[in-house]
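Asks: If you want the building blocks of each chain, they are given just below.
Protein chains: 2
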Amino acid sequence: MATLQDIGVSAGINILSAFVFFIIFAVLRLQPFNDRVYFSKWYLKGLRSSPARGGAFAQRFVNLDFRSYMKFLNWMPEALKMPEPELIDHAGLDSVVYLRIYWLGLKIFAPIAVLAWAVLVPVNWTNNTLEMAKHLRNVTSSDIDKLSVSNIPEYSVRFWTHIVMAYAFTIWTCYVLMKEYETIANMRLQFVASEARRPDQFTVLVRNVPPDADESVSELVEHFFLVNHPDNYLTHQVVCNANKLADLVKEKKKLQNWLDYYQLKYARNNTQRIVVKLGFLGLWGKKVDAIEHYIAEIDKISKEIGKEREEVVNDPKSIMPAAFVSFKTRWAAAVCAQTQQTRNPTQWLTEWAPEPRDVYWSNLAIPYVSLTVRRLIMHVAFFFLTFFFIIPIAFVQSLATIEGIEKAAPFLKVIVEDKFMKSVIQGFLPGIALKLFLAFLPSILMIMSKFEGFTSISSLERRSAFRYYIFNLVNVFLASVITGAAFEQLNSFLNQSPNQIPKTIGVAIPMKATFFITYIMVDGWAGVAGEILMLKPLIMFHLKNAFLVKTEKDREEAMDPGSIGFNTGEPRIQLYFLLGLVYAPVTPMLLPFILVFFALAYIVYRHQIINVYNQEYESAAAFWPDVHGRVIAALVISQLLLMGLLGTKHAALAAPFLIALPVLTIGFHHFCKGRYEPAFIRYPLQEAMMKDTLETAREPNLNLKGYLQNAYIHPVFKGDEDDDDIDDKLGKFEDEAIIVPTKRQSRRNTPAPSRISGESSPSLPFSGKLV
Amino acid sequence: MATLQDIGVSAGINILSAFVFFIIFAVLRLQPFNDRVYFSKWYLKGLRSSPARGGAFAQRFVNLDFRSYMKFLNWMPEALKMPEPELIDHAGLDSVVYLRIYWLGLKIFAPIAVLAWAVLVPVNWTNNTLEMAKHLRNVTSSDIDKLSVSNIPEYSVRFWTHIVMAYAFTIWTCYVLMKEYETIANMRLQFVASEARRPDQFTVLVRNVPPDADESVSELVEHFFLVNHPDNYLTHQVVCNANKLADLVKEKKKLQNWLDYYQLKYARNNTQRIVVKLGFLGLWGKKVDAIEHYIAEIDKISKEIGKEREEVVNDPKSIMPAAFVSFKTRWAAAVCAQTQQTRNPTQWLTEWAPEPRDVYWSNLAIPYVSLTVRRLIMHVAFFFLTFFFIIPIAFVQSLATIEGIEKAAPFLKVIVEDKFMKSVIQGFLPGIALKLFLAFLPSILMIMSKFEGFTSISSLERRSAFRYYIFNLVNVFLASVITGAAFEQLNSFLNQSPNQIPKTIGVAIPMKATFFITYIMVDGWAGVAGEILMLKPLIMFHLKNAFLVKTEKDREEAMDPGSIGFNTGEPRIQLYFLLGLVYAPVTPMLLPFILVFFALAYIVYRHQIINVYNQEYESAAAFWPDVHGRVIAALVISQLLLMGLLGTKHAALAAPFLIALPVLTIGFHHFCKGRYEPAFIRYPLQEAMMKDTLETAREPNLNLKGYLQNAYIHPVFKGDEDDDDIDDKLGKFEDEAIIVPTKRQSRRNTPAPSRISGESSPSLPFSGKLV
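Residue numbers (the working numbering), protein chains in the order written: chain A, 5 to 775; chain B, 5 to 775.
Source of the hints: derived by calculation from the structure; they are not laboratory data.
Just so you know, not all the hints are guaranteed correct.
Since the list gives no way to pick out one identical chain from another, each pair is judged satisfied if it fits inside one copy or across any two copies.
Cut-off 30 Å, straight-line C-alpha distance, at most; resulting in silico cross-link-like pairs (BS3-like, lysine-lysine) [stated by the list, open to error]:
id : residue 1 : residue 2
1  : K332      : K709
2  : K304      : K548
3  : K709      : K49
4  : K677      : K454
Let the hints inform the model, and build the full structure from the sequences given.
Replies: Written out as structure tokens, the structure reads:
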């Protein structure tokens, strides 16, 4: 058991390491050659240009102005300065609402912490149960336990304080949650209302267009909507299956990178040709001239791309039974997205089109039955992943012993038998399997969500976040409280009575307080402080800068600003909500640590959002119902555990009085769901009508069809206009041509042959970048 | 333990009693004076007129044609003759689909019974476990148990048969369920499509219209929809709070009945005035002349009605914040019903208007927050009702002993001390409290649903049916399997581990087979046969006929044809589905009894629907998703119980192999929900558009506004036109006047004074029936 001193030392270490991170960060960010890593958002917005141009040579890379180092914590007030409306403008609503999750934590836990310290701590402290236990039964206990509910004797009337406090905490949390839900629902609606014209406001995604023998998908869609939405239909865009093409383009980009790398190398050291081996990882195989090899490879793949592109455009089989249908007014789009089209509810499925950036293209063609099956499979798979992931890992761990390696690969015997290596392997290898798994877990969950068939990146991330939260709940929270792997817990829970489970966990809760305090400091304090260093993007940027970058554009691409990463970030915050709510009535000692986490994370992420992160899509805070629901879940869990704990303490009437709490909380949740959730799912007709009316008044001659014609083109085709250097002119011409829809249409069907033949010419090494 | 002989005797008795019922029925229905009871549907449709007119006096009341008695089971093939489309026309889709529930039972259980008898019975029979147990441990067992899974020894490989059969049963049930869901979804859509023009196709119920200081509700609604559905809005009808008026009208009708009764009595025996006492139940109080008294009372209440009516129409406070909004096309109504109107999802709530007959008027004005609270309260109340209803009843029972009565009412001592009365009280009274409660349970559940705030009678019935099902599941099925009151079960389940519960119940299942077989015969066979007698309506009809009926119209009102009674009937059928599915793999012996029930009930209810029942509303089979869901629930319960049973039998791999079944079944349920349920909730735009187009082509000059103007008037106001004898002319005039909307509007605001004064005149005794 840790004493207060131990906690103090641990806190000191973690605060110190956080400070060290901040100092390193302060030094690094002031160096001009890191500027693009720590201010990438501004570069991407075009509001900041490279400081590396002009000035003394040394000053281009190192900041020699020592005064700037003195104010090394300056970024903190700086980060708080930008007002919210400006921040929404700067980084989008998603990021701002994401920040409000931390803010919500502060709002919930600051008053709870004050109340708990003012009432519960004195009530707990002025007992001597633990002291007596020490004398009588030689049970040791820490000072922290003295502040917790453990210090109150059984049958005590003092438990009434805890019950009243549990009510107070619940009411306060619900009140804050409701206010916050209301605020965010309003923010979302205001954001949607005040936004500039966006293609997704007019567009509906139609899936599962039934096959028709006589008509192509495009004709079918047009006829269907002309008949069923006669006054409102404007235009549509069928979806092509360009997954293979996208893969080829990606592959080509990789080859191009290698070519650039070797060309740069050759340019610096002109004396000799560079030779590479073709085998695995370049370790063996035929030796060839690197530059020539890659030029040939790129040439080959360019031809393939050309062929594939032609196929995608011309082959009716590559047209997927899905389309983006645009309407003349927002009102009509809102109507179409919210209604059922035909008597078969698995055909002509309509939903709001996600933002063009947000579309997950590969999933648009999945038929309805397949979706149900996929969902079921993924539910089952996730169940096994959560409860039994430890089994294959234990198996790998058993292999990863000295004997296992010697058996599997006898030729490694010499290395393995070495004393130093032996100790490394024994100390390191068994753990690495678990660490690797946990590092890859978010990606695994993301793949699972993709398999499930969601059509937008934001919904993929939301589903992954939900699963990550469940995984954390079972494998971090529960596994820490009742020591044991998840499947052991599952087994013991199946064999325990339902009202025994909260007791088992509840009793263990106060004993784990010191563990979780340490966890909060390591993961929450030092971890968040470490986030600001951006170590991985920093290293990657400098590596790319050294080996690949030739032009300013390359340098821009070398930046990896990242994003808030909702799928991993939000479940992590939720763990702190859970800990705070569970421990508030039990061990109030923990609350200040939670508060520090929320405050620190708020500042750090606000800074990151302002200066670094580049959100890839905008879902207008569509994730808030999930956040709200999970805090409610944490609240209910905390109430059940408190009931269990007090039950074992023989707190006479505790259980009957507490049982109303989860019932009321769930009732509150239903109320909030009905009251606010529709704002995140549906688009009210009144709002749509208002915007439509305003727009018609302002821009009576708007060519909406031209505006929407190309909004939802697969990014592989869009790439044409964005990435081309040589074809810029053609691209511009096309951009203008958008206004005449027939022209564009014809181009999509018969791609200009001159471009393809141009690409296949080996005499133009840079033409490979055309695609 | 019952032997096969016992079952045989019991079956004989029940079959005999069913036959007796049928013979009594055959005799009764052939008597002309019962004609209105047993053919009420035809009378209500105007297709059959009283046989009591003309002919010999005796023949008017008694059928003397003996040949007709010979063919006393003739009604059975008769009932099966009418083809389904004609039946839909005759009785509505609700009734036909309700019949299909029984048909579904036959389709599911006939093949299952054949398979189970062909495979499971031989497998079970050819063991001697029970025989050996008899010898070794002196355990007695019946022949039925020999056919059940109990006869298979532990660790036997024969359990594989049961596992395979469980899969076969599940797959077959799911297949039939899916086909049926599809058929009924199509029937519903076809019904809706082929229907004549109905007001609810064009109308949307708008609730929670926000209060506005400047405009009345009516103006507000008009402006809102003119702005937000500019091309489609047609007209609207605000909802008045006429609950008090409706009560008064009801009260007046009761008084009128008494007046009629006394007038008839006086007319028959002209010699003396009839005198009544005014006190409780006419037992004491002031004596007055009956006819004069009732005429005066009716006069008083008529005045009150007039005042209240004026108030309702003129007082803006009696206008509720709800309205029925009608649109120009079905398409527009479908759009409005399926979309959200404003950013506040608790205001301007739109939903499909129920059929005018189906509207439950009193609940239209409940605000949103109140709805959430009411729902929560009712959930909690229902929980207590289900698990703890036995406690107050036990309390009442403890009072209803001899001593209790003597204490409460000493003056009854003389009667109670009588020996015969004593035995009656002791044998009868304790049970009567429970019986009374069970008899009133459907009404209690209906009141709960009304309190919850549903706006249509069909949804009230659906909710009551759900609750009745849960109540039956806990208090009939579970309480019979594991003997003990519900709250004792609840307690033991809370203290048992989750995987112990299916075992506890599963083990008890085979032992209760004989009990349930008897139950099926008593409740299912004889009970259903008794239903056809229509005892209560028969007695009531003859009582009314003797004391109240003066005109042909009165006689029509004296008929009480009843309806299918979804709220009690459907949960009862579901109990048979549950029994059949649970016992199919365990004791196949039970299946033939279930089959007989379904076949018998199908014929009986088909006859009743054709000849007697008068469905009060038409929801176009909106209840089918509930029926489907409950059969799925029964399937999952049966699978879990089988798992529990086989678990105790040490059937090695049974559990892991069976666990996939509930998972797959739930997956299947989700698939069906997504695939078919929308057909029962939403109205596809394509269908609406098709009907609109057809209608415009057929009747280009249709005055839709006139048609819809008065569709949704509170029945109290509607009564004016329907019931009046004297005012028929005025009523007709108004019916024509509907076409000119302004006229009608003015009438509603300023009711013709002449009618009210006419009602208050005591010189016209029949004018009381005007309202």
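Asks: Now, for every hint given, state plainly whether the structure supports it.
Replies: Hints and how they fare:
1. K332 x K709: both (8 Å within a copy, 29 Å between copies)
2. K304 x K548: within (25 Å within a copy, 97 Å between copies)
3. K709 x K49: Within. Shortest intra-copy distance 28 Å satisfies the 30 Å Cα cut-off; inter-copy 57 Å does not.
4. K677 x K454: Classified as both: same-chain Cα gap 27 Å, cross-chain 23 Å, threshold 30 Å.
Hint compliance for this structure: every hint is met.
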